[in-house]
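> Just so you know, the sequences run in chain order A, B, C and D.
Quick note: the first sequence, position 107, residue 107 per my numbering, numbers continuous.
Quick note: the second sequence, position 76, residue 76 per my numbering, numbers continuous.
Quick note: the third sequence, position 174, residue 174 per my numbering, numbers continuous.
Quick note: the fourth sequence, position 301, residue 301 per my numbering, numbers continuous.
Note that these hints are calculated values from the structure, not bench results.
A few of these clues could be false.
Treat identical chains as interchangeable: a pair holds within one or across any two.
DSS-like cross-link-like pairs, simulated, lysine-lysine; straight-line CA separation at most 30 Å [what the hints assert, rightly or not]:
#1 Lys417 to Lys139
#2 Lys417 to Lys27
#3 Lys420 to Lys139
#4 Lys420 to Lys273
#5 Lys417 to Lys6
#6 Lys148 to Lys41
#7 Lys148 to Lys163
#8 Lys212 to Lys420
#9 Lys148 to Lys273
#10 Lys420 to Lys148
#11 Lys241 to Lys212
#12 Lys273 to Lys27
#13 Lys212 to Lys273
#14 Lys27 to Lys171
#15 Lys148 to Lys212
#16 Lys241 to Lys273
#17 Lys273 to Lys163
If you're wondering where the values come from, they're calculated on a predicted model, not measured in any experiment.
There are 4 protein chains.
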Amino acid sequence: MNIEQKHIAQHNDSLISAHNRKLAYLKEDFPQHDLERAIQKLVDFQIAIPSWALGTGGTRFGRFSIIGGEPRNIEEKIEDVGLLHQLNASSGAISLHIPWDIPQDVAKIKEVAGRFGLAFDAVNSNTFQDQRDAAHSYKFGSLQHVDKAVRQQAIAHNIEVIKQGDKLGSKALTVWLADGSCFPGQLNFRRAFENTLQSLEEIYVQLPPDWKMFVEYKAFEPNFYSTTIGDWGQSLLLASKLGNQAYTLVDLGHHLPNANIEQIVSLLLMEGKLGGFHFNDSKYGDDDLTTGSIKPYQLFLIFNELVEGMDAREMNHAKDLGWMIDASHNVKDPLEDLLQSVEAIMLAYAQALMVDRPALNSAQQRNDVVRAQEILQHTFRTDFRPLVAEARLRANAALSPLALYRDLDYRNQLIRKRGKNTTSTGL
Amino acid sequence: MNIEQKHIAQHNDSLISAHNRKLAYLKEDFPQHDLERAIQKLVDFQIAIPSWALGTGGTRFGRFSIIGGEPRNIEEKIEDVGLLHQLNASSGAISLHIPWDIPQDVAKIKEVAGRFGLAFDAVNSNTFQDQRDAAHSYKFGSLQHVDKAVRQQAIAHNIEVIKQGDKLGSKALTVWLADGSCFPGQLNFRRAFENTLQSLEEIYVQLPPDWKMFVEYKAFEPNFYSTTIGDWGQSLLLASKLGNQAYTLVDLGHHLPNANIEQIVSLLLMEGKLGGFHFNDSKYGDDDLTTGSIKPYQLFLIFNELVEGMDAREMNHAKDLGWMIDASHNVKDPLEDLLQSVEAIMLAYAQALMVDRPALNSAQQRNDVVRAQEILQHTFRTDFRPLVAEARLRANAALSPLALYRDLDYRNQLIRKRGKNTTSTGL
Amino acid sequence: MNIEQKHIAQHNDSLISAHNRKLAYLKEDFPQHDLERAIQKLVDFQIAIPSWALGTGGTRFGRFSIIGGEPRNIEEKIEDVGLLHQLNASSGAISLHIPWDIPQDVAKIKEVAGRFGLAFDAVNSNTFQDQRDAAHSYKFGSLQHVDKAVRQQAIAHNIEVIKQGDKLGSKALTVWLADGSCFPGQLNFRRAFENTLQSLEEIYVQLPPDWKMFVEYKAFEPNFYSTTIGDWGQSLLLASKLGNQAYTLVDLGHHLPNANIEQIVSLLLMEGKLGGFHFNDSKYGDDDLTTGSIKPYQLFLIFNELVEGMDAREMNHAKDLGWMIDASHNVKDPLEDLLQSVEAIMLAYAQALMVDRPALNSAQQRNDVVRAQEILQHTFRTDFRPLVAEARLRANAALSPLALYRDLDYRNQLIRKRGKNTTSTGL
Amino acid sequence: MNIEQKHIAQHNDSLISAHNRKLAYLKEDFPQHDLERAIQKLVDFQIAIPSWALGTGGTRFGRFSIIGGEPRNIEEKIEDVGLLHQLNASSGAISLHIPWDIPQDVAKIKEVAGRFGLAFDAVNSNTFQDQRDAAHSYKFGSLQHVDKAVRQQAIAHNIEVIKQGDKLGSKALTVWLADGSCFPGQLNFRRAFENTLQSLEEIYVQLPPDWKMFVEYKAFEPNFYSTTIGDWGQSLLLASKLGNQAYTLVDLGHHLPNANIEQIVSLLLMEGKLGGFHFNDSKYGDDDLTTGSIKPYQLFLIFNELVEGMDAREMNHAKDLGWMIDASHNVKDPLEDLLQSVEAIMLAYAQALMVDRPALNSAQQRNDVVRAQEILQHTFRTDFRPLVAEARLRANAALSPLALYRDLDYRNQLIRKRGKNTTSTGL
């Protein structure tokens, strides 16, 4: 289901003069070269949409009435991402989750994705839920499990996911483990860690040479006493022992209260071990809210470290890290939520690109704390949304994706096509 | 399904001499009068078991393999509580949750409960989930909702719950609202509070004169930006405006990190507005772990305030507050988990009863902080489990309930009777 | 020590054309009436500077090298606030702290303040430190103390502070109590609360009829187990029992992790019991960092509630609440830090004034969560700094206070005048 | 100032029969061999007392009235530790802090220590405060500083501390850095880390071959935005890069809210990189309260991991890790506080020694979570204080150190000897 290009063109026509005025305003204050450089980087930057985020989410207390028109299969999920990508030209990849999305007909799936210009980002394994036909339960963990047979089942699943991803053109495996314990005494922490390492090693050797393994960490939930890969230190330890293809993946919601995530990002980049991101926002725990909805300044500070650290290593912003959203949409239309998330990420990236870095370095060298704050806050307070819009415009997408989505009444189109009571696989 | 009294007798016979030795040991250090008084209070003390805690729980990531033999209906739930009560003589009440447990045949249910000597504790309403046939959704709240029709549906449900409870002999309604918001701007906090108050007032006037309304608060989850009854201050404000039959209910897991719950308990007692408790334990949020499994000293400190504060108001420990468990059992046999929770609560209560209160008061008057700590910790470090066991013995229950439960292989008896794949209603 | 008006004029001349361009840009997107209304309110809005924030602060680990030129007495403190007010026209009041600032010569002090157009805001008592000649120590609390004599000393001090403030024209007493306990058992919470209430009552009756009493709360520090006025609920309880002149004061840093402060603000306004604010920012505890430096979006959300709630009660934004900064400057020039704090507060206020409130209300009524977020974030992302600058311009202050302060090399002027090693009273 | 041995003997005589009864009681439930093994390990276990903990502490809000009789110099500090060691036979070492304690007369100091049987534990450097005569300030960090000259000063200080410690017989340097930042932008995280590493390397090469370097981490305070060695991951990264003599030091109060410290301990032991401990307790941050006063169960769980992990590596409990207290005593007599802390540590260690480890391993292998909890809690709820007392008895110390300290009115003896208004160097 495509948006006709003429709808985008009409939409942009109606907004173009206001847009040009805003862009011109920025040009009076910032060097043309810097703005152009930022716009080009924004054009190149793509954020993968996770397949499980296309449907309505829930909490442990249940799931409320479905928004309707949710994708019924993997092809429709790809179509939804394609829609987003048509609207914002920044969602050019989909991240699949096995077994929620098992590609039956690879050729067809690749054809659908190709039609929308979508790549397949990291594939995600799932050993935090039991599958109907599974021989073993992950109730007491998967890669950490005391029973070798359970670990083997989980290892085999991960290897299977690599194979599935390889066929589609993915280049990374994301391993998020819920493994941990709910009560003191339940687990021998050391053996759990060692089992996990050993299991990951068996998966790691199956990686194609151009693949990466992303080792995700999380402070708590769904285990409420310990998580076996609980923080960046544990993830880095594992990634270091595994080898050059293993990296740490940062999910913004997976930290203890008050953690300084931007510092973690900086150090992982320093170590050459940052693999990528799961974007979302949160106030209390892994709340999986829309990116940028709660702490937009922190998001900017994280991107500030990303740009600084990637440039220090001469990395390619768009290609050398994995950029993914991981959120749950309990009270919003999932597609609208994702449009908001992408917009917030692009804006934070634009802001980070526009930081006056020589001036900041100089202030840091002089310990001019007041000036350093002024530099960052001046950038943050400047309205750089026109840069993001301009990047979209140049990529033939919509100046205001959310407005166009609503104007076209897209959700109702989806409902008419797919029905009111469809549900997506996922959380 | 009953435990034969002879099994309990045999069990106790095998442990009695060791038990008597332990009890005698305590008698050498503590006045007989104090021990007897504590034992009697322990005999009297009853903790209600929530009907939803008799089955395996889950998290938002799903639910693992069921333990088997779970109660298939309300009668079997009552039987399970009856089993617990036979074992520990401290679980003499059940707290029902509507609509998870709708009493169809009141006479029969009362008969079953009566057979086990069980009372019906507070009934719980549920407006945090949508029911299949409901006209309105609670996706955006229930008693707080901007739409009067939704509020009316939720009010009517609560009144219905009162009626159901009244037939069974309950004397309190517990109102826990998930109402709140996930994003800044979603809610007008003031109007949400005012709507909630107005709705509660409409329910309150329907309370029978000998009933209480328990207004529960919770800091976060399932809403992740704001909760409309988010802390004890908000609950107290509502309870005060509602009137003399309204009280605050404290759930141990419903606080922000590091909250001093024992102080809250003390102040609510001071105001005459503490209604009761939902017991559980947690490390991160509303983890709903076994009571006493994470922070047993905090549990003791809470009971220390309870005993001190109830005595200051000459309250009846057993009758004047509502004592309930609220937990979720993801990795344990629910009945074993509940036995552990009740044991932990009884022990904390026993410890609090045995605090040398005149000495503590004196130390406080002299600001002798070291001595005050010594008094509390001496009590906490003393092994008062024999008092709890003695209370059980005197009430014809088992000296070691968990051991007997396992010895009798009760779970397998339940599986044989009810089947392997039964599931209970609840979270 | 005055800034010559010509320096301000020269400074503004150099920036005026850029400023006018920015202001004109806003006029293209927002109704002239709304902008004018906001500018006028910004002109009227004044934030009190606490006398103790004019010197370099420290932590319990000590205090680093002093910036130099710190005010040596109360007159020089007033001069420093006068300087700030000349620069930003938004710091038109000073909040004194007794006994750090004891006005010896009231007439002279009023004269100095008058010269700078400064008012005397709330006076602050101090019973969290022992004074050299005090008969009793506050080691174990002041208004809560078990010993009536200690309480009386603390009561007398507060009454004395009222008298001092009355002579200067203050209209409010801020009571912040460090009272609490460091160890379980140290305190009887109930009696501590009751003693505190009784003590506050003795102070309350001494308030002149046009005075307010601000009852501040704090979750922890310097007591690390309990604080007797520990959260807004406890403060509100006290303020309600005291009477119509008593109000709750909110300090942004005085909460448990993840607290939703904006909701607290809304409810206190609803109850007519919000007295005022201590502004600062923090990441971990009462970090006393520059306002807006860590969580600027939260600051905006708080002001969003303030404007909404004050308007709902038809309150005068500038006069009906107490607006104060409370911060500590360990690594910045205190005057620069204060300029940054005031700027951040003014900007958040400007943003809150510019929220499209009818549209927000409408979105809330329709539960259009996406739209509600868009409205707030559009306002937050728009650069409203020109409104704040325009307000300053109209009040004959500097378009860019911090830049002018640095251009005039004011700190070195102060050092030359006052010396390098002066220290201010305060933390 | 010595306690006469006869006072200890009289004290023990008065308690011996009760003690023997309690010990005999334990013997009925636990194998004699296990009890004896635990007692012997308790006899061997020594906890170093930090020199700065012998005086009254304070907070950033000031320091309250001094308890009196505080040690006026290093010799008197050693005497105080000697007193503690006479009382409990578990405080056989002192940890000095340079420059708070600069040993002028090494021979004499060693003589005083020798008289009390005290060893010199890790020496602590201090680059978090400026010294009067220092050429450079640490306001913006020490080993992380952007200016090489400041780093060199800090490096030289640490090398000097090693030399001082070497003369006294210390075998470890503890490096705790307050280095970090208070505001976003202030610091380049990567360069700060790299500078810190380089500086530590320059210190590391100066370590005598039998010395260890302990790299301490801390989440926050006194810097309130970032700390350069902020968590165990950062410390481990540094220790790994430095070499075999570098280890991570864990201070219980240096974590974000809800951190699972026992898991960190287990993993550091697994990596062979745990260096030692700073014991204290806390509810909110680095509260530096008496060990075991807030979360005694967590303390036990930590010791449970320590014993398990050290045994797995066949380490010597008493010698292979550094055991130190780090606390601050604001409302208690420092010596009483330290007696309470040592008692709590010894009890947690005794409990951990008495865990039925084969049974626990077996429960873990079977994923019998209920049983695993029962095993740990049975141990924790058993009163093992008699084992600790017996260890003291065998080492000629007091059965009840705190009681004897009070009976002898030792504080007043110290006041008479040293005066009422003495103050100790330290926080």
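> Compare the structure with each hint and give your call.
Consistency of the hints with the structure:
1. Taking identical chains as interchangeable, the C-alpha atoms of lysine 417 and lysine 139 lie at most 30 Å apart only when they sit on different chains, with a minimum of 24 Å there against 39 Å within one chain.
2. Taking the shortest Cα distances, lysine 417 and lysine 27 never come within 30 Å of each other, neither inside one copy (44 Å) nor across copies (44 Å).
3. Only between protomers do lysine 420 and lysine 139 lie at most 30 Å apart by alpha-carbon distance; the minimum there is 17 Å, versus 34 Å within a single protomer.
4. Proximity of lysine 420 and lysine 273 under a CA criterion of 30 Å is satisfied in neither setting, with 44 Å inside one chain copy and 47 Å between copies.
5. Taking the shortest Cα distances, lysine 417 and lysine 6 sit within 30 Å of each other inside one copy (21 Å), while across copies they are farther apart (67 Å).
6. For the homomeric pair lysine 148 and lysine 41, neither the shortest alpha-carbon distance inside one copy (47 Å) nor that between copies (36 Å) is at most 30 Å.
7. Taking the closest pair of Cα atoms, lysine 148 and lysine 163 come within 30 Å of each other only inside a single copy of the chain (22 Å); across copies the shortest separation is 52 Å, beyond that limit.
8. Taking the shortest Cα distances, lysine 212 and lysine 420 never come within 30 Å of each other, neither inside one copy (39 Å) nor across copies (42 Å).
9. For the homomeric pair lysine 148 and lysine 273, the shortest alpha-carbon distances inside one copy (29 Å) and between copies (28 Å) are both at most 30 Å.
10. Within a single copy, lysine 420 and lysine 148 get their C-alpha atoms only as close as 45 Å, which misses the 30 Å cut-off; across copies the closest is 25 Å, which meets it.
11. Proximity of lysine 241 to lysine 212 under the C-alpha cut-off of 30 Å is found in both arrangements, the shortest distances being 14 Å within a copy and 25 Å between copies.
12. With identical chains, the CA atoms of lysine 273 and lysine 27 are never at most 30 Å apart, being 37 Å at best within one copy and 48 Å at best between copies.
13. Taking the closest pair of Cα atoms, lysine 212 and lysine 273 come within 30 Å of each other both inside a single copy (11 Å) and across two copies (28 Å).
14. When the C-alpha separation of lysine 27 and lysine 171 is checked against a cutoff of 30 Å, the pair qualifies neither within a copy, at 39 Å, nor between copies, at 49 Å.
15. Taking identical chains as interchangeable, the C-alpha atoms of lysine 148 and lysine 212 lie at most 30 Å apart only when both belong to the same chain, with a minimum of 25 Å there against 38 Å between chains.
16. Taking the shortest alpha-carbon separations for lysine 241 and lysine 273, both the intra-copy value of 12 Å and the inter-copy value of 15 Å come in at or below 30 Å.
17. For the identical chains of this complex, lysine 273 and lysine 163 are intra-copy neighbours only, at 24 Å inside a copy versus 38 Å across copies, given an alpha-carbon limit of 30 Å.
In terms of the numbered hints stated before, the structure departs from hints 2, 4, 6, 8, 12, 14, listed from lowest to highest.
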